[in-house]
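S.K.: Respectively, the protein sequence lines represent chains R and G.
Heads up, our numbering is the position in the first sequence plus 39, with the first residue counted as 1.
Heads up, our numbering is the position in the second sequence plus 39, with the first residue counted as 1.
One thing to keep in mind: the hints can contain errors.
The list treats identical chains as one, so a pair stands whether inside a single copy or across any two.
Claimed, not checked - DMTMM-like cross-link-like pairs, simulated, lysine to aspartate or glutamate; straight-line CA separation at most 20 Å: (1) Lys319 - Glu472; (2) Lys105 - Asp148; (3) Lys447 - Asp421; (4) Lys105 - Glu371; (5) Lys424 - Glu475; (6) Lys427 - Glu152; (7) Lys424 - Asp188; (8) Lys235 - Glu461; (9) Lys478 - Asp333; (10) Lys105 - Glu152; (11) Lys432 - Glu372; (12) Lys145 - Glu217; (13) Lys324 - Asp212; (14) Lys324 - Glu210; (15) Lys105 - Glu142; (16) Lys133 - Asp421; (17) Lys393 - Glu228; (18) Lys324 - Asp204; (19) Lys145 - Glu102; (20) Lys479 - Asp230; (21) Lys468 - Glu228; (22) Lys424 - Glu102; (23) Lys478 - Glu402; (24) Lys105 - Glu372; (25) Lys424 - Glu472.
Source of the hints: derived by calculation from the structure; they are not laboratory data.
Each chain, written out:
Number of protein chains: 2
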Amino acid sequence: MFRQIISRSIEGATRASGRSNTKASWSATCIGDLLNAAITPSATGAACVCTTTADRMSVSPPECLKMPINVPSKLLMGPGPSNSPLRVHYAMMKPLLGHLHPEFCKIMDDVKEGLRYVFQTNARVVCCVSGTGHAGMETTMTNLLEPGDVILVAQNGIWGERAADMARRHEADVRVIEKPAGEVFSLEELDSALAKHKPAVLFMVQGESSTGALQPIEGVGPLCRKYGTLLAVDTVASLGGVPFYMDAWDVDLVYTGTQKVISAPPSMAPIAFNERAMTKVNARKVPVRSFYEDITWLANYWGCDDMPRRYHHTAPISSVYALREALSIVCEEGLESLWSRHSECAQMLHRGIKDIGLQMFIEDPSKRAPTVNTIKVPEGLDWMKVVKYFMSKYMVEISGGLGPSAGKVWRVGLMGYNCTPENVDLVLKIMKEALEDAKKPTSQL
Amino acid sequence: MFRQIISRSIEGATRASGRSNTKASWSATCIGDLLNAAITPSATGAACVCTTTADRMSVSPPECLKMPINVPSKLLMGPGPSNSPLRVHYAMMKPLLGHLHPEFCKIMDDVKEGLRYVFQTNARVVCCVSGTGHAGMETTMTNLLEPGDVILVAQNGIWGERAADMARRHEADVRVIEKPAGEVFSLEELDSALAKHKPAVLFMVQGESSTGALQPIEGVGPLCRKYGTLLAVDTVASLGGVPFYMDAWDVDLVYTGTQKVISAPPSMAPIAFNERAMTKVNARKVPVRSFYEDITWLANYWGCDDMPRRYHHTAPISSVYALREALSIVCEEGLESLWSRHSECAQMLHRGIKDIGLQMFIEDPSKRAPTVNTIKVPEGLDWMKVVKYFMSKYMVEISGGLGPSAGKVWRVGLMGYNCTPENVDLVLKIMKEALEDAKKPTSQL
């Protein structure tokens, strides 16, 4: 059926070259299609001053693209992306479909059902923004906030900072409550901040991947309802690794990424709005700034309303296949097993880290996200040396800190496909070696 | 090296079930990590009222994800996406890398060089927005426009409409010049509109895929400079299929999609800003509304400034691989050959369409984009029947009209990998059959 044989020997290219050098122009009677004119002057008929295009080629094909792509095989044990199973990669081998073909709409529907499971919600509006995790954060801000709206950002790491930045760009009245890196907010603290600011939106991060802190979300939803506040939660670095119940916890909006526990390549930001969140969107006086991230359009394209699907934008087809496959794997294992695996592997890592004489950055084990584990860099040690040792000797990624934790910690990701006891063992073994190497006056690196 | 064997038999999941039903709570002394507590109560130590999570699971894994994904093999001869070569799909089989790993930065650099070639520019700021074509349009508006800025939109189809919509969302003063579907703007018309509105930005679409019109761009750039206007051009449906010279034509901003002539899956929006465009961005008084699409951040992440790359967002890694591979194929063939191939295949299609008694929607051949070919639906004929015939009998996609051309035309895409004489033959053969079938009082469909 497919007969797309690229003919590289089309004569036109040769014929198009070697023409006159006069500056080309076009007029109302000889508009455009310069190339047609150059190749087959008789085709357009009218006499016109159309010259070759070859003399305007100022940039040649780059040499670098003559070389094959170089992608080494690495084990990604940093804060994400994590590796994807081969099954997920294989899904992207499948041929493309049109963005509104019924088979593709069915795949979107399957993804939606899978997302309802991982978010634990029966919300109507569950879909994906066609951009990576940050696009989920931005979709939150651009839809929920109107100029002057008060948003309270619970900031204990880089994600709170970024959320505040985005909210300010949307002219919201941004109030921030802060906690030092590694700390989380208590219900009491949140209650008094809500009472003080009475925000339209409270933004929280469940897994603060810059510090490794796990923010408890349960109980926050009912507090927010008391103050007429919408609760928006970032679960990019946590979803699937720890329990999360959108409906049971009264979370009004949640988004995540694909490249962490779900173990698809980074590409989309799954997002869910409940009816309270949609009521705020539907009551907007100012249009949503972004057409691309406008949730009413997105929801329609994803079949979340009762209207026929309209063309909004072209979804990243292959990425949607990959996400479906990854969600299918998540469903096969089941969330309870997935959560247990993360918890057990993280505890195994924490024990091992203690055994080799290191300390976790967050003292209280109950405040640690199992997905991103932050380990204190001992005083006087060059953290970068250790990271380099992992990569150069074993092609294993662990990373340094980010934002408030920069220079203070190593971050070890245990996420989805990569979260296995074997990988924990490997990380511990390399860490031991790397520490010894880093202590040498002249390390091997 | 990779030892990610997913252990599905972790006991925790079993142990986590069957616990008490009391409503869970957490306090400052027993914060979160409900699962840890549920599975290994001794781990947290403190006595706390933490219950199992299993009783809160309100959504089960969906049945649909137990079925394998269903992706039929179709030949996509509509207005896009078009099919991707296997080589491009294979690139996505390669393992993931971190979004700032040196090998990945090298791949981004290669993509950048490839884009400089296809855009024919030496501009410093050439990169990709991590979203599909519409994200390119939005990145244009969000970066170039401040509230009150005058933008002139040359509107002769749906893309002009959408650009105007996006610009209004950014509180720009939107002026529109309109042409009927299928028409294009002359230099004289543009000159007088520029003189009248003196806009900060002129937005044009080179290939209006809703109508099949090819807007000549040459000559517009110098006009814009006369009025201090920036020229922004949408080349989503045209780039690679017809000549385009960003630098030689004085285009200040251009973007495209990946899923048309470039023949990668839809995923990103390649974009280029020249120094004039960047000067406007750098002089902004109001911050760019979108963090995700903020070109100064994007440009830094893509290594377009002299600063060290900072973490902005996670690029869609596999999609960047695919784009590199697709650009590599484009470079191997060369733009001149690619343009010729599109011109020749389109002419072959136009001749064939005439031979079977149909008419092209756009009469003047020089105003037709070779990439999206619009064919008039004869009076009294049901266009949908023909589209369905193509798909149900041959698994070939052609599409109906869009926006101003809805119901009036069929659209046949000839783009990149799919643009071959063999595919033109196939489309013509099916069209003949489909027309005969549609004329029957009771067609087979």
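S.K.: Against each hint, give a clear statement of whether it holds in the structure.
M.R.: Against the structure, the hints come out as follows:
When the C-alpha separation of lysine 319 and glutamate 472 is checked against a cutoff of 20 Å, the pair qualifies neither within a copy, at 54 Å, nor between copies, at 52 Å. In this assembly of identical chains, the alpha carbons of lysine 105 and aspartate 148 lie at most 20 Å apart only when taken from different copies (13 Å versus 40 Å within one copy). In this assembly of identical chains, lysine 447 and aspartate 421 lie within 20 Å of each other by CA distance solely inside one copy; the values are 10 Å within and 68 Å between copies. In this homomeric assembly, lysine 105 and glutamate 371 come within 20 Å of each other (Cα to Cα) only across copies, at 8 Å, whereas the closest approach inside a single copy is 42 Å.
Taking CA atoms no more than 20 Å apart as the test, lysine 424 paired with glutamate 475 passes inside one copy only; the shortest distance there is 11 Å, against 73 Å between copies. In the homo-oligomer, the alpha carbons of lysine 427 and glutamate 152 never lie at most 20 Å apart, since the shortest distance is 41 Å inside one protomer and 29 Å across protomers. Neither within a single protomer nor between protomers do lysine 424 and aspartate 188 lie at most 20 Å apart by alpha-carbon distance, with minima of 46 Å and 50 Å respectively. Proximity of lysine 235 and glutamate 461 under a CA criterion of 20 Å is satisfied in neither setting, with 48 Å inside one chain copy and 70 Å between copies.
In this homomeric assembly, lysine 478 and aspartate 333 never come within 20 Å of each other (Cα to Cα): the closest approach is 53 Å inside a single copy and 42 Å across copies. Only between protomers do lysine 105 and glutamate 152 lie at most 20 Å apart by alpha-carbon distance; the minimum there is 12 Å, versus 43 Å within a single protomer. Taking CA atoms no more than 20 Å apart as the test, lysine 432 paired with glutamate 372 passes in neither setting, with 33 Å inside one copy and 40 Å between copies. Taking identical chains as interchangeable, the C-alpha atoms of lysine 145 and glutamate 217 are never at most 20 Å apart, the minima being 43 Å within one chain and 38 Å between chains.
In this assembly of identical chains, the alpha carbons of lysine 324 and aspartate 212 lie at most 20 Å apart whether taken from the same copy (16 Å) or from different copies (19 Å). For the homomeric pair lysine 324 and glutamate 210, the shortest alpha-carbon distances inside one copy (14 Å) and between copies (14 Å) are both at most 20 Å. In the homo-oligomer, the alpha carbons of lysine 105 and glutamate 142 lie at most 20 Å apart only across protomers (16 Å), although the nearest pairing inside one protomer, at 36 Å, exceeds that limit. Proximity of lysine 133 and aspartate 421 under a CA criterion of 20 Å is satisfied in neither setting, with 45 Å inside one chain copy and 32 Å between copies.
Taking identical chains as interchangeable, the C-alpha atoms of lysine 393 and glutamate 228 are never at most 20 Å apart, the minima being 32 Å within one chain and 74 Å between chains. For a Cα distance limit of 20 Å, the shortest separation of lysine 324 from aspartate 204 across copies, 16 Å, qualifies, whereas the shortest one inside one copy, 22 Å, does not. Taking the shortest alpha-carbon separations for lysine 145 and glutamate 102, only the inter-copy value of 13 Å comes in at or below 20 Å, while the best intra-copy value is 42 Å. Proximity of lysine 479 to aspartate 230 under the C-alpha cut-off of 20 Å is found in neither arrangement, the shortest distances being 51 Å within a copy and 71 Å between copies.
Taking the closest pair of Cα atoms, lysine 468 and glutamate 228 never come within 20 Å of each other, the shortest separation being 41 Å inside a single copy and 71 Å across copies. When the C-alpha separation of lysine 424 and glutamate 102 is checked against a cutoff of 20 Å, the pair qualifies neither within a copy, at 34 Å, nor between copies, at 48 Å. Taking the shortest alpha-carbon separations for lysine 478 and glutamate 402, neither the intra-copy value of 25 Å nor the inter-copy value of 77 Å comes in at or below 20 Å. In this homomeric assembly, lysine 105 and glutamate 372 come within 20 Å of each other (Cα to Cα) only across copies, at 11 Å, whereas the closest approach inside a single copy is 43 Å.
Taking the shortest alpha-carbon separations for lysine 424 and glutamate 472, only the intra-copy value of 12 Å comes in at or below 20 Å, while the best inter-copy value is 69 Å.
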